[in-house]
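S.K.: Make a model of the complete structure from these sequences and hints.
Protein sequences appear in the order of chains P and H.
For the first sequence, the positions run 23 to 279 when this note's numbering is used.
For the second sequence, the positions run 150 to 510 when this note's numbering is used.
Since the hints were derived computationally from the structure, they do not count as laboratory data.
Hints are supplied without guarantee of correctness; some may be wrong.
To be verified - The list that follows gives simulated cross-link-like pairs (lysine-lysine, BS3-like), each with its CA atoms no further than 27 angstroms apart:
1. H:333 to H:412
2. P:278 to P:35
3. H:202 to P:145
4. P:57 to H:292
5. H:372 to H:358
6. H:288 to P:104
7. H:390 to H:288
8. P:100 to H:167
9. H:288 to H:329
10. P:32 to P:141
11. H:478 to P:235
12. P:49 to H:262
13. P:239 to H:202
14. P:196 to P:49
15. P:138 to H:356
16. H:262 to H:333
17. P:104 to H:292
18. P:141 to H:358
19. P:141 to H:509
20. H:360 to P:141
21. P:100 to H:509
22. P:277 to P:249
23. H:419 to H:202
24. H:358 to P:100
25. H:478 to H:262
26. H:160 to P:138
27. H:334 to H:156
28. P:239 to H:498
29. P:100 to H:412
30. P:104 to H:360
31. P:104 to H:166
32. P:100 to H:288
Unchecked claim - Computed far set for chain H versus chain P, every beta-carbon distance over 12 angstroms:
33. 161
34. 186
35. 207
36. 208
37. 211
38. 240
39. 265
40. 311
Backbone N, C-alpha and C fix where the C-beta goes; we use that ideal spot for every residue, glycine too.
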Amino acid sequence: MEKYFEIAGKKLKSRLFIGTGKLSSYKLIPEIIKKTGVEVLTVAVRRIDPDTREENILNYIPKNVTVMVNTSGSRNAKEAIKIAEIGSEIIETDWIKIEIEVDYRYLLPDNEETVKATKYLSKKGYKVFPYITPDLVTARKLVDAGACAVMPLGSFIGTNRGITAKSLIEPIIKEINIPVIIDAGIGRPSHAAEAMEMGADAILVNTAVAIAKDPVKMSIALSEAVKAGRMAYEMGILKEKEYADPSSPVSDFLKKI
Amino acid sequence: MFFNELKKLEKNFIKIKKELKESRYITENSETDVLKFLFMDISSQALEKLSFKARRITDYFFGRTILLYTPLYISDYCRNGCLYCGFSALNKIKRKKLSYREIEKEMSEIRNKGFNTILILTGEDRYHSSFEYILNTIKIARKYFSEILTEVYPLNEDEYRKLVENGLTGVTLYQETYDKNLYKKVHLFGPKKDFRWRLDAIERALKSKVKEINIGPLLGLNKNWQFDVYMTLMHARYIEKNYPDVEISISYPRIQRSFSKTKVYPVSDKDFVKTIILTRIFLPRVQINISTREPSYIRDNLIGLGVTKMSAESKTVVGGHYITSNKEKQFEINDNRTLEEIMSVIRTKNYRPEFNNWIKV
Numbered sequence: 023m024e025k026y027f028e029i030a031g032k033k034l035k036s037r038l039f040i041g042t043g044k045l046s047s048y049k050l051i052p053e054i055i056k057k058t059g060v061e062v063l064t065v066a067v068r069r070i071d072p073d074t075r076e077e078n079i080l081n082y083i084p085k086n087v088t089v090m091v092n093t094s095g096s097r098n099a100k101e102a103i104k105i106a107e108i109g110s111e112i113i114e115t116d117w118i119k120i121e122i123e124v125d126y127r128y129l130l131p132d133n134e135e136t137v138k139a140t141k142y143l144s145k146k147g148y149k150v151f152p153y154i155t156p157d158l159v160t161a162r163k164l165v166d167a168g169a170c171a172v173m174p175l176g177s178f179i180g181t182n183r184g185i186t187a188k189s190l191i192e193p194i195i196k197e198i199n200i201p202v203i204i205d206a207g208i209g210r211p212s213h214a215a216e217a218m219e220m221g222a223d224a225i226l227v228n229t230a231v232a233i234a235k236d237p238v239k240m241s242i243a244l245s246e247a248v249k250a251g252r253m254a255y256e257m258g259i260l261k262e263k264e265y266a267d268p269s270s271p272v273s274d275f276l277k278k279i
Numbered sequence: 150m151f152f153n154e155l156k157k158l159e160k161n162f163i164k165i166k167k168e169l170k171e172s173r174y175i176t177e178n179s180e181t182d183v184l185k186f187l188f189m190d191i192s193s194q195a196l197e198k199l200s201f202k203a204r205r206i207t208d209y210f211f212g213r214t215i216l217l218y219t220p221l222y223i224s225d226y227c228r229n230g231c232l233y234c235g236f237s238a239l240n241k242i243k244r245k246k247l248s249y250r251e252i253e254k255e256m257s258e259i260r261n262k263g264f265n266t267i268l269i270l271t272g273e274d275r276y277h278s279s280f281e282y283i284l285n286t287i288k289i290a291r292k293y294f295s296e297i298l299t300e301v302y303p304l305n306e307d308e309y310r311k312l313v314e315n316g317l318t319g320v321t322l323y324q325e326t327y328d329k330n331l332y333k334k335v336h337l338f339g340p341k342k343d344f345r346w347r348l349d350a351i352e353r354a355l356k357s358k359v360k361e362i363n364i365g366p367l368l369g370l371n372k373n374w375q376f377d378v379y380m381t382l383m384h385a386r387y388i389e390k391n392y393p394d395v396e397i398s399i400s401y402p403r404i405q406r407s408f409s410k411t412k413v414y415p416v417s418d419k420d421f422v423k424t425i426i427l428t429r430i431f432l433p434r435v436q437i438n439i440s441t442r443e444p445s446y447i448r449d450n451l452i453g454l455g456v457t458k459m460s461a462e463s464k465t466v467v468g469g470h471y472i473t474s475n476k477e478k479q480f481e482i483n484d485n486r487t488l489e490e491i492m493s494v495i496r497t498k499n500y501r502p503e504f505n506n507w508i509k510v
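M.R.: Here it is in structure tokens:
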């Protein structure tokens, strides 16, 4: 298996990124990192309060981990840009996940505003990771806008339904030349493996880890599934067939006619 | 406008209720399901089954977190004659209004405790609690908090817009009851008598681009409590469809007998819990807010069953966090535990107390 892969100029080993928002305690973070080798975490800027007396997430993130701040809570490009700038300053990171949610029932992002914010922040030198409803046309615009990767949703956030948007994500993976990180919907190790088998470069998971009985164990399970799926992808996965294919043909009849 | 929907829904409510009584076949759709469930006498076992579903949905969408906030009453002057409220103009009480200096002191005290979300409350009195007074309070709050909510009288659209521009994130406004006749009966006089002005205020706030809206009925006012729960759910659904980018919260405050001058129809604990579970299943992404009106055993047991937001260390007197001279309460607090104690209960249940819902931009 390839030892490293590259994203936004960084060499990474682990293709599993983990979100922190729904965790029952930030104390779980160092343990998850230790047991899985996860190198990228996402943190919502809206959840950071540097002055808090309470459990401060910033104290639980190991130094060698890259933090991607997300702009959740923003409703348009302008708000997303502001939140990104604030977050980047507090956390001292230039990795920004643009998350512009305009629909609370389904938590769907606004692809159009996302393109705008990506363009602006990329120009300013940030490493931008836009979260989108899977759409190849938008993905292409994001490549032009300077995105470091695209993050299409696999299913609605928090649903753990797996990659129900598979047929819309596949063309993105095939057609564009920047990394694709499947975000949202991954609820089980089998979903994680599926994402890798599809050729996704990485996945981002939050809910499945956060609400598991044992978040550390679940992150290990996901991490192993990611490795397995990737290994198979690199090897080349055999196509599924519609009919049984006997290894020794039953008759020579067809050859003879 | 939801007011127009309300008319249709009222008819629908009566029709479905009649059908239920006649126990005829009911076509399955989510609205009738909601009503069926509200009128059904559900067994504890069945309720427990549904509670697992509610827990799963809550965990999936909100994670293992409970958002904590605290209210601050800045003035109890009020011109409304509401039959259920301690601050009603019907009550001859010593009124108090905080000065800006006092507001600042209260807020800095609240922030020091760890809160980052504040709910600012006033009575309805445009003389003592003018719009300017509310606006200036929000300007002060902005220095301390990232999430600023108001529970004040209905404003006009321009006023809401101005508040939003100055840092207001959300508006809390309870319709108390969606039954127009009952509404008239329990609001004897004052500007609150105008049912429509209050109901439409939610949409005026939404048009002014607030980030959050908190609605709810006052349970116990209406003998037909199912009507008010149903309308609240439909109201939330209406907002979801028409203003999809807004975070909706629902509260179900239960009226307290001691403060009420009108007949109270208590909603039982079981019906209350049923209502919360129903709300979570019908509206998976809506925040459900439970205040310190409820006793600790109810609050603690609802963590994870749908509730996502809780108030803590609430005082229902003007001031109360720092300035403690005032005695007149709007209602009685039934959970007097400290913030630390509440946080420790949340942690014991394997949830994380969350203080930050928005970022100051």
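S.K.: Compare the structure with the hints numbered earlier in the document and write down the numbers of the violated ones, lowest to highest.
M.R.: 2, 3, 4, 5, 7, 8, 9, 11, 14, 16, 22, 26, 29, 31, 35, 36, 37 and 39
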